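2 protein chains.
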Amino acid sequence: MQTTPISQLGEFGLINHLTENFEAKNKSVIKGVGDDCAVIEKDDEKYFLVSTDILAEGIHFDLVYTPLKHLGYKAVVVNLSDVYAMNGKPLYITVSMALSSKYTVEAISEIYEGMKVACEKYRVDLIGGDTTSSLKGLFLSITIIGEVAKEKVVYRNGAKPKDLICVSGDLGAAFMGLQLLEREKQVFIAHPGASTDLENQKFLLQRQLKPEARKDIVDIFAEKNIVPTSMIDVSDGLSSELHHLCKQSNCGAIIYEDKIPIQSDTYEMAVKMNIDPVTAMMNGGEDYELLFTISQNDYDKIKDEPEIRVIGYTTEFANVVELITKGNNKVKIDAAGWKAFNN
Amino acid sequence: MQTTPISQLGEFGLINHLTENFEAKNKSVIKGVGDDCAVIEKDDEKYFLVSTDILAEGIHFDLVYTPLKHLGYKAVVVNLSDVYAMNGKPLYITVSMALSSKYTVEAISEIYEGMKVACEKYRVDLIGGDTTSSLKGLFLSITIIGEVAKEKVVYRNGAKPKDLICVSGDLGAAFMGLQLLEREKQVFIAHPGASTDLENQKFLLQRQLKPEARKDIVDIFAEKNIVPTSMIDVSDGLSSELHHLCKQSNCGAIIYEDKIPIQSDTYEMAVKMNIDPVTAMMNGGEDYELLFTISQNDYDKIKDEPEIRVIGYTTEFANVVELITKGNNKVKIDAAGWKAFNN
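Protein sequences appear in the order of chains X and D.
Using our numbering, the letters of the first sequence map in sequence onto residues 1 to 343.
Using our numbering, the letters of the second sequence map in sequence onto residues 1 to 343.
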């Protein structure tokens, strides 16, 4: 029997491989596997959006530095982000959890407390769940259901050449927050008595430990009557997400280093830790910003929005993603998204 | 800080404790946590049903004797069963999986192959998923979405005193299949060279390893125009499920030992293994039969159905569940459902 290690396919290759033989049985499935959410028929006016994520201890989070309440909050937020990435409104979540006997009721309650805060802030209902024991570690899987007006749903595959590529907020902060936490963890392991120094970097730490989802951007789209031509959320890093948009839209992209939004805290910490700030912006994941394309005709509607930046444009050259550096060099960018299975 | 072990609350107590402070935010939530499925508004005529289950290696399944393809099949079936228990029609599933690096692509493909067979048989679409690595073990969480006509939805809380208590198929077989597999596992551990003896018990093994969900019973309800007054699926054993129905319907139950359906293979294996057949029927889980109550007026509609048995009736004595034995003794039955956290 053949034995192929999972790392050979990578996360996306694996999901494609596993789901390619499933044929659609219900014509109410508008879009199955392959976007931020599945899209199913709700009624004459709306679609339901469905997405699921699983977080595993030691892979997605490290309880040495992740407060349980923040973990619960973040687990909800990463799912909300998938619904916003379809231009939708999140409505309900279900929660599956497996945890070893080392967790007490009080510990699990902390996780639920964090989920509750997120549910209240984003007006989402917890409608179901299942909790079981595990032999080792904590696993948290959330399924989210949202809705979107049929004429407003945004997929990854709608970008046309010469659309404007935009990104919300700023990039690389969650990645630098993680570097900082990992550095202090190493110090702590080497010198258990030493006091850790998180340098008062509240912004970076919060972006890693308690990120937010960009409901405000979807609200701007509604208010300004914008329907992006394509959209995805930045969970695996800008390079990776841009490649997803280009591949599914059958186009290319040119983006400008000097236009990619980065906070000064992020930039300075990268320099201090000898990390190229471009790497933090391009490859750093977990920002949960929205990456989207709009028609040039919509430029006036977003040009004064402080939370939206145009970082480049799409081209007709399928899957060619290029970065114009500050020094005006053109660099080809690979899809170097975070590959969970290589960790 | 207080530290309460999870086992002190049990699985149901834990879920109640964790979710009691969540307030409903969307009025489209008809029923949240607390039944086989959550019920949400779909359109003027229908509700969506949503349920989620998580299976953990070493807790819910043992890969020593569980073929991966069967595991995938069963993982889907247990979710289908929750939708049928609301008198609904399953439509879509999402799959979350976490697995350690010991699993190859071929192994995961086997699991998906089993899920695919179940999806095809029950006409369900896989619409999304997430796959990640785990430090140890395999975790499989499935969320199912189904639908039901508003006037046909059946909850756990609708039984009235003097309704008839019915059960589909037969009980205890999955439990005896498990005992057989566990016995042979112990033989195999003690004497690695010895050949195992599963006694050609295909029926018992299949009920444990590759159970089916009772779509046929829901079809009978539709055909005969029956809407049960309450319903639940038998996943944790008849005693436990009867207590759930009684508690939520605020009634009691009297059932008759000689009316509880048990297959001769199940009965004989129980006797052979020195297990009281009543224990197998009452406490053995994973049968995925449907336990439901109907109005006495509907008796004629089901009395000739070979797959439906009337096993007793409901009473006005809240939470009092009694078994009339073959010797005509009345025995009070506790809610001795399978408690995952005590294992």
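To be clear, the hints were calculated from the coordinates, so they are not data collected in a lab.
Heads up, some of the hints might be wrong.
Put simply, identical chains are the same to the list, so a pair is met inside one copy or across any two.
As the list claims (entries may be wrong) - Straight-line distance between alpha carbons at most 30 Å, and here's what the computed BS3-like set of lysine-lysine pairs gives:
(1) Lys121 - Lys46
(2) Lys224 - Lys69
(3) Lys247 - Lys136
(4) Lys31 - Lys69
(5) Lys136 - Lys102
(6) Lys27 - Lys210
(7) Lys121 - Lys27
(8) Lys150 - Lys162
(9) Lys46 - Lys185
(10) Lys224 - Lys162
(11) Lys259 - Lys136
(12) Lys27 - Lys42
(13) Lys303 - Lys224
(14) Lys224 - Lys25
(15) Lys332 - Lys136
(16) Lys27 - Lys330
(17) Lys121 - Lys25
(18) Lys121 - Lys42
(19) Lys150 - Lys27
(20) Lys210 - Lys25
(21) Lys69 - Lys25
(22) Lys27 - Lys69
(23) Lys31 - Lys152
(24) Lys25 - Lys215
(25) Lys215 - Lys136
(26) Lys247 - Lys259
(27) Lys42 - Lys202
These figures come from a predicted structure and were not determined experimentally.
Hints and how they fare:
1. For the homomeric pair Lys121 and Lys46, the shortest alpha-carbon distances inside one copy (23 Å) and between copies (29 Å) are both at most 30 Å.
2. For a Cα distance limit of 30 Å, the shortest separation of Lys224 from Lys69 qualifies neither inside one copy, at 35 Å, nor across copies, at 50 Å.
3. Within a single copy, Lys247 and Lys136 get their C-alpha atoms no closer than 38 Å, and across copies no closer than 34 Å, so neither meets the 30 Å cut-off.
4. For the identical chains of this complex, Lys31 and Lys69 are inter-copy neighbours only, at 26 Å across copies versus 34 Å inside a copy, given an alpha-carbon limit of 30 Å.
5. Proximity of Lys136 to Lys102 under the C-alpha cut-off of 30 Å is found in both arrangements, the shortest distances being 9 Å within a copy and 15 Å between copies.
6. Only between protomers do Lys27 and Lys210 lie at most 30 Å apart by alpha-carbon distance; the minimum there is 28 Å, versus 38 Å within a single protomer.
7. In this homomeric assembly, Lys121 and Lys27 come within 30 Å of each other (Cα to Cα) only across copies, at 17 Å, whereas the closest approach inside a single copy is 35 Å.
8. In this homomeric assembly, Lys150 and Lys162 come within 30 Å of each other (Cα to Cα) only inside a single copy, at 25 Å, whereas the closest approach across copies is 48 Å.
9. In this assembly of identical chains, the alpha carbons of Lys46 and Lys185 never lie at most 30 Å apart, being 47 Å within a copy and 52 Å across copies at closest.
10. Taking CA atoms no more than 30 Å apart as the test, Lys224 paired with Lys162 passes inside one copy only; the shortest distance there is 21 Å, against 60 Å between copies.
11. Proximity of Lys259 to Lys136 under the C-alpha cut-off of 30 Å is found in neither arrangement, the shortest distances being 45 Å within a copy and 43 Å between copies.
12. For a Cα distance limit of 30 Å, the shortest separation of Lys27 from Lys42 qualifies both inside one copy, at 12 Å, and across copies, at 16 Å.
13. When the C-alpha separation of Lys303 and Lys224 is checked against a cutoff of 30 Å, the pair qualifies only within one copy, where the shortest distance is 12 Å, while the shortest distance between copies is 63 Å.
14. In this assembly of identical chains, Lys224 and Lys25 lie within 30 Å of each other by CA distance solely across copies; the values are 26 Å between and 38 Å within a copy.
15. In this assembly of identical chains, Lys332 and Lys136 lie within 30 Å of each other by CA distance neither inside one copy nor across copies; the values are 42 Å within and 38 Å between.
16. Proximity of Lys27 and Lys330 under a CA criterion of 30 Å is satisfied in neither setting, with 45 Å inside one chain copy and 53 Å between copies.
17. When the C-alpha separation of Lys121 and Lys25 is checked against a cutoff of 30 Å, the pair qualifies only between copies, where the shortest distance is 10 Å, while the shortest distance within a copy is 37 Å.
18. In this homomeric assembly, Lys121 and Lys42 come within 30 Å of each other (Cα to Cα) both inside a single copy, at 25 Å, and across copies, at 24 Å.
19. In this homomeric assembly, Lys150 and Lys27 come within 30 Å of each other (Cα to Cα) both inside a single copy, at 16 Å, and across copies, at 21 Å.
20. Taking the closest pair of Cα atoms, Lys210 and Lys25 come within 30 Å of each other only across two copies (22 Å); inside a single copy the shortest separation is 39 Å, beyond that limit.
21. Taking CA atoms no more than 30 Å apart as the test, Lys69 paired with Lys25 passes between copies only; the shortest distance there is 21 Å, against 40 Å inside one copy.
22. For a Cα distance limit of 30 Å, the shortest separation of Lys27 from Lys69 across copies, 27 Å, qualifies, whereas the shortest one inside one copy, 40 Å, does not.
23. For the homomeric pair Lys31 and Lys152, the shortest alpha-carbon distances inside one copy (15 Å) and between copies (28 Å) are both at most 30 Å.
24. Taking the closest pair of Cα atoms, Lys25 and Lys215 come within 30 Å of each other only across two copies (17 Å); inside a single copy the shortest separation is 33 Å, beyond that limit.
25. When the C-alpha separation of Lys215 and Lys136 is checked against a cutoff of 30 Å, the pair qualifies neither within a copy, at 35 Å, nor between copies, at 36 Å.
26. Taking CA atoms no more than 30 Å apart as the test, Lys247 paired with Lys259 passes inside one copy only; the shortest distance there is 23 Å, against 62 Å between copies.
27. In this homomeric assembly, Lys42 and Lys202 never come within 30 Å of each other (Cα to Cα): the closest approach is 42 Å inside a single copy and 42 Å across copies.
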